[in-house]
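Letter by letter, the chains look like this.
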Amino acid sequence: MVKTASRPKILVENLSVHYPDGTESLRNISLQIPKNAITVLFGPAGGGKSTLLRTFNRLNDLVEGTRYSGKVLLDEQDILSPALDLVALRRRVGMVFAQPVPLPMTVRENMTYGLELAGERRRRNLDRAIEEGLQAAALWEEMKDRLDEPAHAMSGGQQQRLCLARVLAQQPEVILLDEPTSGLDPISTAKVEDSLQSIKKKYTVVIVPHSVQQAARLADWAGFFYQGDLIEWGEGKNLFVAPKEKRTEDYVTGRFG
Amino acid sequence: MRVSRTVTQRIAFALLTAIMALTVLAILAIITYIFWNGLPAISLEFLSAMPSNGMREGGIWPAIVGTVILTIGTAVIAVPIGLLAAIYLSEYASDSPFTRTIRIAIVNLSGIPSVVYGLFGLALFVLFLGFGSSILASCLTLAIMTLPVIISTAEEALRSVPQSFRVVSISMGGTRWQTIWRIVLPQALPGILTGVILGLERAAGETAPILFTGAAFFLPQLPQSIFDETMALPYHLFVISTQVPGMPVQLQYGTALVLLIFVLAMNLIATFIRSYFRRKRQW
Amino acid sequence: MVRNRKLYEAIIQFLIRVCGYSAVLFVAAIFIFLLQAGLPALVEIAPSSLLGLRWYPITTQYGLLPLLYGSFIITFGAAIFSIPFGIATAVFIAEVAPRWMREVLKPFVEILAGLPSVVLGFLGYLVLAPLIRTTLNLPTGLTALTGSILLAAMALPTIVSVAEDALDAVPKSYRDGALALGATKWQTIWRVTLPAARSGVLTAVMLGVGRAIGETMAVMMVTGNAAQIRWDGLFYPARTMTATIAAEMGEVASGDVHYRVLFLIAIILFLITFIVNLIASSMLIRAKKRAERMLS
Numbered sequence: 056m057v058k059t060a061s062r063p064k065i066l067v068e069n070l071s072v073h074y075p076d077g078t079e080s081l082r083n084i085s086l087q088i089p090k091n092a093i094t095v096l097f098g099p100a101g102g103g104k105s106t107l108l109r110t111f112n113r114l115n116d117l118v119e120g121t122r123y124s125g126k127v128l129l130d131e132q133d134i135l136s137p138a139l140d141l142v143a144l145r146r147r148v149g150m151v152f153a154q155p156v157p158l159p160m161t162v163r164e165n166m167t168y169g170l171e172l173a174g175e176r177r178r179r180n181l182d183r184a185i186e187e188g189l190q191a192a193a194l195w196e197e198m199k200d201r202l203d204e205p206a207h208a209m210s211g212g213q214q215q216r217l218c219l220a221r222v223l224a225q226q227p228e229v230i231l232l233d234e235p236t237s238g239l240d241p242i243s244t245a246k247v248e249d250s251l252q253s254i255k256k257k258y259t260v261v262i263v264p265h266s267v268q269q270a271a272r273l274a275d276w277a278g279f280f281y282q283g284d285l286i287e288w289g290e291g292k293n294l295f296v297a298p299k300e301k302r303t304e305d306y307v308t309g310r311f312g
Numbered sequence: 024m025r026v027s028r029t030v031t032q033r034i035a036f037a038l039l040t041a042i043m044a045l046t047v048l049a050i051l052a053i054i055t056y057i058f059w060n061g062l063p064a065i066s067l068e069f070l071s072a073m074p075s076n077g078m079r080e081g082g083i084w085p086a087i088v089g090t091v092i093l094t095i096g097t098a099v100i101a102v103p104i105g106l107l108a109a110i111y112l113s114e115y116a117s118d119s120p121f122t123r124t125i126r127i128a129i130v131n132l133s134g135i136p137s138v139v140y141g142l143f144g145l146a147l148f149v150l151f152l153g154f155g156s157s158i159l160a161s162c163l164t165l166a167i168m169t170l171p172v173i174i175s176t177a178e179e180a181l182r183s184v185p186q187s188f189r190v191v192s193i194s195m196g197g198t199r200w201q202t203i204w205r206i207v208l209p210q211a212l213p214g215i216l217t218g219v220i221l222g223l224e225r226a227a228g229e230t231a232p233i234l235f236t237g238a239a240f241f242l243p244q245l246p247q248s249i250f251d252e253t254m255a256l257p258y259h260l261f262v263i264s265t266q267v268p269g270m271p272v273q274l275q276y277g278t279a280l281v282l283l284i285f286v287l288a289m290n291l292i293a294t295f296i297r298s299y300f301r302r303k304r305q306w
Numbered sequence: 130m131v132r133n134r135k136l137y138e139a140i141i142q143f144l145i146r147v148c149g150y151s152a153v154l155f156v157a158a159i160f161i162f163l164l165q166a167g168l169p170a171l172v173e174i175a176p177s178s179l180l181g182l183r184w185y186p187i188t189t190q191y192g193l194l195p196l197l198y199g200s201f202i203i204t205f206g207a208a209i210f211s212i213p214f215g216i217a218t219a220v221f222i223a224e225v226a227p228r229w230m231r232e233v234l235k236p237f238v239e240i241l242a243g244l245p246s247v248v249l250g251f252l253g254y255l256v257l258a259p260l261i262r263t264t265l266n267l268p269t270g271l272t273a274l275t276g277s278i279l280l281a282a283m284a285l286p287t288i289v290s291v292a293e294d295a296l297d298a299v300p301k302s303y304r305d306g307a308l309a310l311g312a313t314k315w316q317t318i319w320r321v322t323l324p325a326a327r328s329g330v331l332t333a334v335m336l337g338v339g340r341a342i343g344e345t346m347a348v349m350m351v352t353g354n355a356a357q358i359r360w361d362g363l364f365y366p367a368r369t370m371t372a373t374i375a376a377e378m379g380e381v382a383s384g385d386v387h388y389r390v391l392f393l394i395a396i397i398l399f400l401i402t403f404i405v406n407l408i409a410s411s412m413l414i415r416a417k418k419r420a421e422r423m424l425s
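Chains as they are written, first to last, in the working numbering: chain P, 56 to 312; chain S, 24 to 306; chain U, 130 to 425.
Careful, some of the hints might be misleading.
[To be verified] Capping the alpha-carbon separation at 27 Å, the derived lysine-lysine pairs in DSS-like fashion look like this:
{"id": "1", "chain 1": "P", "residue 1": "Lys255", "chain 2": "P", "residue 2": "Lys301"}
{"id": "2", "chain 1": "P", "residue 1": "Lys255", "chain 2": "P", "residue 2": "Lys90"}
{"id": "3", "chain 1": "S", "residue 1": "Lys303", "chain 2": "U", "residue 2": "Lys314"}
{"id": "4", "chain 1": "P", "residue 1": "Lys292", "chain 2": "S", "residue 2": "Lys303"}
{"id": "5", "chain 1": "U", "residue 1": "Lys417", "chain 2": "U", "residue 2": "Lys314"}
{"id": "6", "chain 1": "U", "residue 1": "Lys301", "chain 2": "U", "residue 2": "Lys135"}
[As the list claims (entries may be wrong)] Residues from chain P that face chain S, not an exhaustive set, calculated with beta carbons under 8 Å:
{"id": "7", "residue": "Gly77"}
{"id": "8", "residue": "Asn112"}
{"id": "9", "residue": "Arg146"}
{"id": "10", "residue": "Val156"}
{"id": "11", "residue": "Leu172"}
{"id": "12", "residue": "Ala173"}
{"id": "13", "residue": "Leu202"}
{"id": "14", "residue": "Pro205"}
{"id": "15", "residue": "Gln225"}
Bear in mind the hints are in silico, worked out from the structure with no lab data behind them.
Glycine residues also receive a C-beta, built at the ideal position from the N, C-alpha and C atoms.
Generate coordinates for the entire structure from the input sequences, incorporating the hints supplied.
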């Protein structure tokens, strides 16, 4: 297992995730997510990548009967503990989903939703968060005069970047993205990828890409998942150019998909 | 001789259209007939004056007031309970045998004859709890009767809100109740309102549940408290059309018309809310 | 601050849960109170007397059969009118009418559903009854038939809306498949869509009939309220269980035999509608599950 230089943001040790019907979605996974970098989880469908992503913000809990075994530490804190404050965790670990989900409100209200959940009411702080979040997602110029329009009237690409900005407005530590550009055109996709490259300086980014090419473009670190197992893990440049495992190489070169 | 398929289809469709037209015509005829015969009786005096001469003259003001009071009272009791129950079923309940029991109970409540509700109201509220024949007893009885409609339509409205909103809210650190209060409930509100109004429409027009629990035919003055009896339009119409000899027919139609307008107005408001907000939906 | 929020949420969740359970509580309460008030009648009156043919409370004759007969014959008559009309209307709205017409017709049916029972009874008493008396040359227009017609009008919206939902739920692929094979629109409806919606339509009919059995005011005003059993009872006055309760409850003293028998009748009504609605709703749930399985 390749170790990163400094302390990892998320440490995963022997993690297994079981669904209520007994099937195992992840089998004995161990890895380390480094700080301030883009980590890519890729592989064919059913590999467990989304399950791992949703373990990091305990969103798997929404499926009744999901069971975890092993350890997942976020900055030394075990986030699998049953006593964990899930609300606090989810404020530290934000998520962008595959389909853009603009909340049925204005752009402004979308941006302040997370802060208002936490009880923030001061106009100054909210306005500042709106501008900073939209700036970080490269949406500020487009949106600054349209803040009070309904969010669902925006284009698909704008909506998805709004979802990213919405997460950033909460100042999380980790940002999880589950195939965020699968429904977007190439220009919007490029904009999202550029945003990720710039925000990784402040945040830890974990992304499930929707194509191997996107994985290769973005990865500082990458993990190849196949049917619940972690097959290979390494630095982005190495994994895609000279993979060690045959299955990784087969997948990366498109021999199966 | 084989009848061709197109001929069969034409006959079938003609028959269906005729039946539909008959139904629509019948409904229109009922409404028109009551308007035609009742409108002459409608005057400011009729609507706002107290009855006199053993109900054969004067106005129906106390009956109108009574129906309004009963409808509001029913709403005050049934809406909070029904809405919270719908939230439970839509947002909190899992698919367990007990949840299925709750649903069976709701279906049951919706099928109980209104006169059985009246008897239950008599036994529990009037006699056992000692409220006596009163507005309170009638409202409680009507509220339980209206509960299943409110629960069913509210639950459907809540369920129609896309699940993705809830997931997003939870992923941002929202609790279940915050998600319901800030997103699900506001989005489901038009559907809930429609259901509530339609439920109250039925409560306003019902006679049997208030027959033994709080309705009276002749009261010298308006009710002063919830422990008083009250007049009500449906009961008033029932009595003056079948029990009072020498009752002027026009006043009967007038009373029927007022009740009809009350009910139709609620129907129209509910339909309007439903179609207006469907267009404005943000998903 | 956080502890306050957690307490607040816990209280709200408790209230929600209690209200969620309330429906079961109310059904149980209704059943218990009916039993408590009505069962003693079985002790005070010999069951064989309850099965008698004469309902004359004044002479302490509490034969329930004429009442059961009255309810049955009026409901049966209502079914004969409302089932074909209801299904035909539902088919028209769901399968034949163009979109714009549907948006007009559905509110119309809803208006009929909203008409108070007493208003229909009123019209029945003043208009329908005399009409029936003159056209059919009967001694009085207050007959079971009159009640059946009114009940049919009241059961119709229930049948139409549930049947229409059932027809709507038939997957489009069924219709498209039939049409692709060369069937006409009517053949598709008659041979494919309707049979596919069979259980939903049956449920609609059951719920409509259940509604008819439970009707009170309209029948009380137009059926003449004579508790009798005749082979041609449709054209003569009859009395339903519901009308009996409504008409006589005002004249009884709490606790006496008559009072208890009326509650006994209410128990019978409760059980009938309980069973009918139970069967209907379980059919609906089963049909929905089947549809989900097929479409997934």
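Hint validation: Gln225/P versus chain S, beta carbon distance must be below 8 Å. Holds or violated? holds, 7 Å
For the pair supplied as a hint, Lys301/U and Lys135/U, confirm whether the alpha-carbon distance does not exceed 27 Å. violated, 48 Å
Hinted pair, alpha-carbon criterion (27 Å max): Lys292/P, Lys303/S. Please report holds or violated. Not OK: Lys292/P and Lys303/S at ~49 Å, beyond 27 Å, violated.
Verify the interface restraint on Ala173/P: the C-beta must sit less than 8 Å from at least one C-beta of chain S. holds, 7 Å
Taken at face value, is the distance from the CA of Lys301/P to the CA of Lys255/P at most 27 Å? Since the Cα atoms of Lys255/P and Lys301/P sit roughly 30 Å apart, the hinted pair is violated (cutoff 27 Å).
Is the hint on Pro205/P kept, meaning its closest Cβ partner in chain S is under 8 Å away? The hint holds - Pro205/P has a Cβ within 8 Å of chain S, the shortest such distance being about 6 Å.
Check the hint pairing Lys255/P with Lys90/P against an upper bound of 27 Å on the C-alpha distance. holds, 9 Å
Hint Asn112/P vs chain S: min CB-CB distance below 8 Å? holds, 6 Å
Hinted contact Gly77/P with chain S - closest CB pair below 8 Å: At about 18 Å, which exceeds the 8 Å cut-off, the nearest Cβ of chain S leaves the hint on Gly77/P violated.
With a cut-off of 8 Å, does the beta carbon of Leu172/P approach a beta carbon of chain S closely enough for the hint to hold? holds, 5 Å
Can Val156/P be said to touch chain S, with a Cβ gap under 8 Å? holds, 5 Å
For the pair supplied as a hint, Lys303/S and Lys314/U, confirm whether the alpha-carbon distance does not exceed 27 Å. This hinted pair is violated, its Cα atoms lying about 35 Å apart.
In summary, the structure is inconsistent with hints 1, 3, 4, 6, 7, 13 from the numbered list given earlier, while agreeing with the others.
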